[in-house]
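Enquirer: Between the sequences and the hints, there should be enough to build the whole structure, so can you do that?
Chains as they are written, first to last, in numbering that gives the first Met the number 0: chain A, 0 to 188; chain B, 0 to 310.
A portion of the hints provided could be inaccurate.
[To be verified] So, partial list: chain A residues that the calculated Cβ filter (under 7 Å) puts toward chain B:
(1) D25
(2) N26
(3) T42
(4) H43
(5) I44
(6) T45
(7) P46
(8) A48
(9) Q70
(10) P75
(11) Y76
If you're looking for bench data, these hints aren't it; they were derived computationally from the structure. Glycine included, each C-beta is placed from N, C-alpha and C at the ideal position.
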Amino acid sequence: MGLLSILRKLRQSPEKELRLLLLGLDNAGKTTILKIMASEDITHITPTAGFNIKSVVSEGFKLNVWDIGGQRKIRPYWKNYFENTDVLIYVVDSSDKKRLEETGIELFELLSEDKLVNVPLLVYANKQDLPNSLTSAELAEALGLHSIKDRVWQIQACTAIAGEGVRQGMEWACKSIRRNNCQSFPHYY
Amino acid sequence: MYNLWLFLASFLRSMVKWFLRRTTGLCELQRICYGEMSGAPRISAVEKSLHLSKCSQIKKLVAHLNDISDNCRLKGSTERDILKGAVNTVLVVKKINPRIHYQFVKNFSKCVEQIWGYRQLVAQVEAVRIVKYDSDNIEHEKKLLDLWQALMPCVQLDNRISKQWQDIGFQGDDPKTDFRGMGLLGLENLLFFATEYRGPAQHVLSHSLHPVYGYCFAIVGINLTSMALQFLRNGEAKIYFYNTSKCLPTIRLFHQFYCYLFYEFDRYWLECKPVDIMEFSNIKTKFENNIRTYLSKPKAAFKMNIAVDTI
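Expert: Here's what the structure looks like:
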């Protein structure tokens, strides 16, 4: 439901297709977040071999969300999906401290990609319900998000399996798209 | 408009049934049990007839059997009593003489067993699925290690947490997080395939390691558990189970169905010559549609075509 209202807010630029890219390590919760966005059942999720895509269409708006598998073997294919991305959404399992470094490295590699220059970044600090999970502030610190100067970014705490926090993140994502659009309007005309 | 159509259809059905009953002297269930081919055609027709029945006793019987199978109580000596009770109800309601129509009693009883056996199987499979994989549970861990042993008999696992798991297609060092929403069912499916169809499983595993057309064996397997489960739940697998099952269906039958899907998926995947694993979603959807078409044929019953392969 939340998504619809966000979309309505975005009505100023109708018939625009937005491309959101969901990345992160395996078992971070990307597919769960995707399904929550599409208001689908999340009890039968399987590991993503390849990718999933969902489009939410409303009043001429099309939000295409690409969820790409996160396992090491698939990561080399991430780059095939960078083109024309409006928002990069990076999902982190806040309780997986062992792989914190690994997820940080992957994230900063993404940020150095030419095709993702200036693309707003939303980080979901997922699995807040698990004991010993880092808070979003701790995670931002640990990942070194504050060193990002070349784009707008946001970290959002969430518990995707309970549907908590996903909507707030999407609201920010849509706002950032609008901001980006306003800045680049002259180029379109 | 649609309601009117439903009303007319139901009215017409009653008319035809009444006419046939008068002319043949047999009720609809008898006509099905004598006239339809055994297997899915007969069982599906009986199922439809029972569910459409307007007779209150039959409705009660259906609700009663639903309740029993949803709670997995259809087994052993209870099963015999329940089947007998169901047959008797129909004999009384439809005024059938069991001594003359002993063949009906036999056929009808078989149908009831399959219809509610299937429903029970759905509940049984779900009960396994909802069990989350738990690495503190010795039984779960043993099954996981058995899977390794069955797939990789010649290779020792260095450590419980090891990169070697990726050799059989898990995502990382520890498979525990890979079962996700399929829970223990994903593991049991894989283990059944690896132990009961050792040869074919090895054959499929070797394909999954192909340098160009390779894929992640275990991850694809868990995705196929999800597919098999969907077919089972939405009833699309009914024809297959009705044709294959000779007695009360058990979870083994579901595992066999899964093994068939896996074996066929592997063949289809290689046939498609995918560029990389990113084609999985597309190929899976196509494969699913092929199976769906096949399952809708009244004679659907798979046989594993184990072929010598050249790839």
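Enquirer: Taking the earlier hints as the rules, which of them does this structure contradict?
Expert: Hint 10 alone not satisfied by this model.
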